Amino acid sequence: MAYYTALFEISGLNILLALSVFATLMVGQFSLAQVGFWSIGAFVTAILTTMHGMPLYSALIISSILCGFIGLLLGYPCLKIKGIYLTLATVAFAEVVRVFFNNLNYQIELGERIVGPAGALGFRGVKVIAAWPEIYLVLFVIVLLFILLASSRLGMSINAVREDETAAAAVGINVTKIKVSMFMFGAAIAGAGGGLYASYSSYVLAENFSFHMALVSIFYVAVGGMYTFSGPIVGAIVLTLLPEVFRFAADYRMILYGVVVIIVVIVFPRGIVDEIRYRLEQKSLRQGTFSDKKPHNKNKNLPDEGIK
Amino acid sequence: MLVLEYAISGLLFGATYSLVAIGFTLIFGVLNRFNIAHGATLMVAAFGGATISILFGGKDSYIILIVAFLSATIIGAIVGLIVRQIAFAPLKGGSELSPFVTSAAMALILEELFVNLTQSVSIYSMEVTEFPSPLENLVFFLGEIYIRGAYLVIFFMALIIMGILHWWLHHTKSGLAIRCVEENPTAAWLMGINGNRVEIIVFAVASAIAGAAGCLISVAYGTVTPFLGSNLLLVSFVVLVLAGIGSVRGAMICGLFVGVIETVTAGLISAQTKEAVLFIILFTVLLVKPQGIFATNATERD
Amino acid sequence: MKSMFNNCINLARSKMLGLTVATGVALLSTSSVMAFQDEGTIRIGMLETITGGAAPYGLAGARGTLLAIEEVNATGGIEINGKKSKIVVVGGGELGSDGGLDPALAIAGLKKLVLDDHVLMVKGPTTSTNSEAIFNYLNELSNQGSGLVVHSSSAGAPGLGEISKWGFRNSFAESYALSFLVENMVKHTGAKTAAIYHLTDNPYFPVMAELMTKELAKLGVEVKAVATGLSKDAEFSRQVKEIKSVNPDIVYLATDNLRGIGFMKEAFRRRLQPSVFIGGISQLVPDTINSGGEATAGMVMISSYDDKGVGINAYRAKFKARWDEDINLFSVNGYEAGQLLVKALQNSGIENTKESLASDRAKLRDAYETVKIDSISGYSVEFNDVHDTPKSGVILTIKDNAFQAWEAN
Numbered sequence: 122m123a124y125y126t127a128l129f130e131i132s133g134l135n136i137l138l139a140l141s142v143f144a145t146l147m148v149g150q151f152s153l154a155q156v157g158f159w160s161i162g163a164f165v166t167a168i169l170t171t172m173h174g175m176p177l178y179s180a181l182i183i184s185s186i187l188c189g190f191i192g193l194l195l196g197y198p199c200l201k202i203k204g205i206y207l208t209l210a211t212v213a214f215a216e217v218v219r220v221f222f223n224n225l226n227y228q229i230e231l232g233e234r235i236v237g238p239a240g241a242l243g244f245r246g247v248k249v250i251a252a253w254p255e256i257y258l259v260l261f262v263i264v265l266l267f268i269l270l271a272s273s274r275l276g277m278s279i280n281a282v283r284e285d286e287t288a289a290a291a292v293g294i295n296v297t298k299i300k301v302s303m304f305m306f307g308a309a310i311a312g313a314g315g316g317l318y319a320s321y322s323s324y325v326l327a328e329n330f331s332f333h334m335a336l337v338s339i340f341y342v343a344v345g346g347m348y349t350f351s352g353p354i355v356g357a358i359v360l361t362l363l364p365e366v367f368r369f370a371a372d373y374r375m376i377l378y379g380v381v382v383i384i385v386v387i388v389f390p391r392g393i394v395d396e397i398r399y400r401l402e403q404k405s406l407r408q409g410t411f412s413d414k415k416p417h418n419k420n421k422n423l424p425d426e427g428i429k
Numbered sequence: 124m125l126v127l128e129y130a131i132s133g134l135l136f137g138a139t140y141s142l143v144a145i146g147f148t149l150i151f152g153v154l155n156r157f158n159i160a161h162g163a164t165l166m167v168a169a170f171g172g173a174t175i176s177i178l179f180g181g182k183d184s185y186i187i188l189i190v191a192f193l194s195a196t197i198i199g200a201i202v203g204l205i206v207r208q209i210a211f212a213p214l215k216g217g218s219e220l221s222p223f224v225t226s227a228a229m230a231l232i233l234e235e236l237f238v239n240l241t242q243s244v245s246i247y248s249m250e251v252t253e254f255p256s257p258l259e260n261l262v263f264f265l266g267e268i269y270i271r272g273a274y275l276v277i278f279f280m281a282l283i284i285m286g287i288l289h290w291w292l293h294h295t296k297s298g299l300a301i302r303c304v305e306e307n308p309t310a311a312w313l314m315g316i317n318g319n320r321v322e323i324i325v326f327a328v329a330s331a332i333a334g335a336a337g338c339l340i341s342v343a344y345g346t347v348t349p350f351l352g353s354n355l356l357l358v359s360f361v362v363l364v365l366a367g368i369g370s371v372r373g374a375m376i377c378g379l380f381v382g383v384i385e386t387v388t389a390g391l392i393s394a395q396t397k398e399a400v401l402f403i404i405l406f407t408v409l410l411v412k413p414q415g416i417f418a419t420n421a422t423e424r425d
Numbered sequence: 073m074k075s076m077f078n079n080c081i082n083l084a085r086s087k088m089l090g091l092t093v094a095t096g097v098a099l100l101s102t103s104s105v106m107a108f109q110d111e112g113t114i115r116i117g118m119l120e121t122i123t124g125g126a127a128p129y130g131l132a133g134a135r136g137t138l139l140a141i142e143e144v145n146a147t148g149g150i151e152i153n154g155k156k157s158k159i160v161v162v163g164g165g166e167l168g169s170d171g172g173l174d175p176a177l178a179i180a181g182l183k184k185l186v187l188d189d190h191v192l193m194v195k196g197p198t199t200s201t202n203s204e205a206i207f208n209y210l211n212e213l214s215n216q217g218s219g220l221v222v223h224s225s226s227a228g229a230p231g232l233g234e235i236s237k238w239g240f241r242n243s244f245a246e247s248y249a250l251s252f253l254v255e256n257m258v259k260h261t262g263a264k265t266a267a268i269y270h271l272t273d274n275p276y277f278p279v280m281a282e283l284m285t286k287e288l289a290k291l292g293v294e295v296k297a298v299a300t301g302l303s304k305d306a307e308f309s310r311q312v313k314e315i316k317s318v319n320p321d322i323v324y325l326a327t328d329n330l331r332g333i334g335f336m337k338e339a340f341r342r343r344l345q346p347s348v349f350i351g352g353i354s355q356l357v358p359d360t361i362n363s364g365g366e367a368t369a370g371m372v373m374i375s376s377y378d379d380k381g382v383g384i385n386a387y388r389a390k391f392k393a394r395w396d397e398d399i400n401l402f403s404v405n406g407y408e409a410g411q412l413l414v415k416a417l418q419n420s421g422i423e424n425t426k427e428s429l430a431s432d433r434a435k436l437r438d439a440y441e442t443v444k445i446d447s448i449s450g451y452s453v454e455f456n457d458v459h460d461t462p463k464s465g466v467i468l469t470i471k472d473n474a475f476q477a478w479e480a481n
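Residue numbers (this note's numbering), protein chains in the order written: chain A, 122 to 429; chain B, 124 to 425; chain C, 73 to 481.
Hints are supplied without guarantee of correctness; some may be wrong.
Derived DSS-like pairs: lysine-lysine, alpha-carbon spacing no greater than 27 Å straight-line [to be verified]:
| no. | chain 1 | residue 1 | chain 2 | residue 2 |
| --- | --- | --- | --- | --- |
| 1 | C | Lys471 | B | Lys182 |
| 2 | C | Lys183 | A | Lys248 |
| 3 | A | Lys248 | C | Lys237 |
| 4 | A | Lys298 | B | Lys182 |
| 5 | A | Lys201 | B | Lys412 |
| 6 | C | Lys444 | C | Lys390 |
Simulated from the structure, these hints should not be mistaken for laboratory data. Predicted, not measured: the structure shown is a model, and the values here were computed from it.
Let the hints inform the model, and build the full structure from the sequences given.
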């Protein structure tokens, strides 16, 4: 039982990570900076709750806001950077954050113990005050926000920006504002997620929040679905459970994991959720009232992304 | 004096970064996709070279070293082609994300595979798989300045390889085809150039160069680990950005430059600071001149 | 609050439902086949680090213990209430579960072994970091009524034994033997100055560096330079240069295997030649000799056993036959741990039934407090009042491509 609870909790954390990456993907920006924000959120929350006695949710709110703010500072200059270069810039950010926290030495005496981040040793002994109720509560709030976003005007603007920035600007959408806002949103989610992670696992080590983790966060979105927010949720759950399902393979576990990721991405190029949705749409288009017109885009190879 | 020594080491060792970056940029220039498995390819080839050296007693033999080097290059090419076949070929077109993910997954698989191999195969050791070579302890002292023979060899080998590459790209038909595809794939296709074949050639060559680089690096360190590739990949990102994607000459010069910065910072301050410095440089360059210092007339491609 | 809570669950459920059902079925079928404590087997768990950086130590320890277990099983097992029961390692593969390097994961692994797999005790963890987290967690388990013995054969950091009454270690704690080593070395070399190179991202090494500094100070030796590094370094020029510049008589290394070798090679190239290089137990693995070659010749460290001992040689043959590898400090300690475990089981008077699990665990713990064995290393071994097994140690040096007893000549 303890085992399944742990899986449930870790899934929740991974979903948060996936959603934070998804937020920036929604405006067509491929950012790997979320790992850095996760790290910031983790340390800030840990310091606030363990060293200054703040309650969990207050600490999480402060972490998210702080990350959102840093996201703003980061997002603006990054506007000019396009495509793969943007990704590289975000990687650079995450790495600098990692080095920063690996050298952070801020300790105080609590009772008879010394607590706080100790440079390369990380922050051990974080107060454990998060378990699945807290994780899923925060997750629920964020999913709610995504639902509201999807069905709002803002959501449509976001889609427009992703499709074609120039066209969107031409119809009067403030592309800059939207891109930066989503960047901040993603950062805030990661900040909250990191804080929950710290309060769950009791041990924060900057070294863990690395390029490798950033890659895994992308896996969640690519496997689950890149166009609707249910995609990253499904992706995170599947990929969290996958290594457990492969437990019997012991040493070859992660190899199987990689193989599955590749297969899924090849078979479901849009991610599981969105690929299924797309195929169903294709089917209904072909059978439905548009029978005298050609189907929207039968050729899978051409990019086609008109989605709700 | 100290700085000079570090600078020289950095310059020499930076040639390896140049090689890694060149391979990476070739693939990106032609395919417009990042091959995250490039680092892993390098690692596999390095292991190949190390195996040859271990099995045939490479500790004192330059001949075995050369054989190991050539093997590493060939293995690199083969692994590169396999990576292309699995991670890139099935994904023609589609979003930018997919090939990134598949190549990252390939890198993960290769890394795990070798972690397993080092545990189960007895010639490899879990932590310290050696790459024995006669270059191990070769050192020169120029007065107070200490220079490692291995680094000198690296530098000259890298220069030779880059020279060959340059000649090939600019004086042969296949090289010409590659440059055409890089500049404008549609036009190249219209002119009758087989894009697929060019892709294969580029992958093979770029990965072979990666294999060579892997071998050189492991000889310098004296050891190979399954994580060799991923450590190098991040540094090559910096080189790439500085140079501008698509510029082979730029990759070469910036590789040396990064090598110098890295060694001097690590030597004077600490290894961690060097990482921060490099990435801050990367970020600044991206803000100020995103095309890179040596940009060719890069048309915006997406 | 409650309805929001329920909504949250429902929302999550509706998303997870289909997927969870499918994977849940898969998971249930792959989890432990033995549902409960069988009569006829004694269930223990192992939680050594068998992948990642600390794997050489974890694997060696796990294999050593398993060898001891297999030996007693070959005679039929442990006699309980007149019937012989074999010891079985449950949860995971032949060598048990992977403790990994992340304490959070180690605790999760422990939870599974204790609460889901119902083991009698757990052998492990490998690293001091994991042990600290787990021993702390043991106190919580104890409050829940699920306390059980966790026995490590390799965690060496000082003070671990004091954390919980359920935690035991038969590791060779260098801290007990350090003064013996330092006295001999200082006397032998007439050293006046020293320098230290240690890693900073593992709690064990900075602690050892500090202890060493104190011991040296007692004998009037000054540490003139302390160079630091990380576990992922591949380059050591800076550290060697720093140390070389103060021209020390003694150089002490508090690093892991790979870093130690890398440093020694660089030192060799740059002609750093103190009177002696002192290493730690992390250097007591074959790699140091095989990879280090001439660079590590003459290095000195302290180990818990004399390589030429009769018991050790017999063990070496057995270990080689079973695992096709040479022994080292970690596999010797692992076997010793197995010996302690077997003896404690024999003395414990457990019932070994489903219902008696809690009281059996407590009985085993009591047996551990008083158990005493003749270790293969030739010494008599038992736990002291902080659950450690102090050993005076044997000074070794690398000579003729082997670890040999050091002699002052």
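Status of each hint after checking the structure:
no. : hint                  : in the structure
1   : C/Lys471 <-> B/Lys182 : holds, 20 Å
2   : C/Lys183 <-> A/Lys248 : holds, 19 Å
3   : A/Lys248 <-> C/Lys237 : holds, 23 Å
4   : A/Lys298 <-> B/Lys182 : violated, 61 Å
5   : A/Lys201 <-> B/Lys412 : holds, 10 Å
6   : C/Lys444 <-> C/Lys390 : holds, 23 Å
In this structure, only the earlier hint numbered 4 is contradicted, and the remaining ones agree with it.
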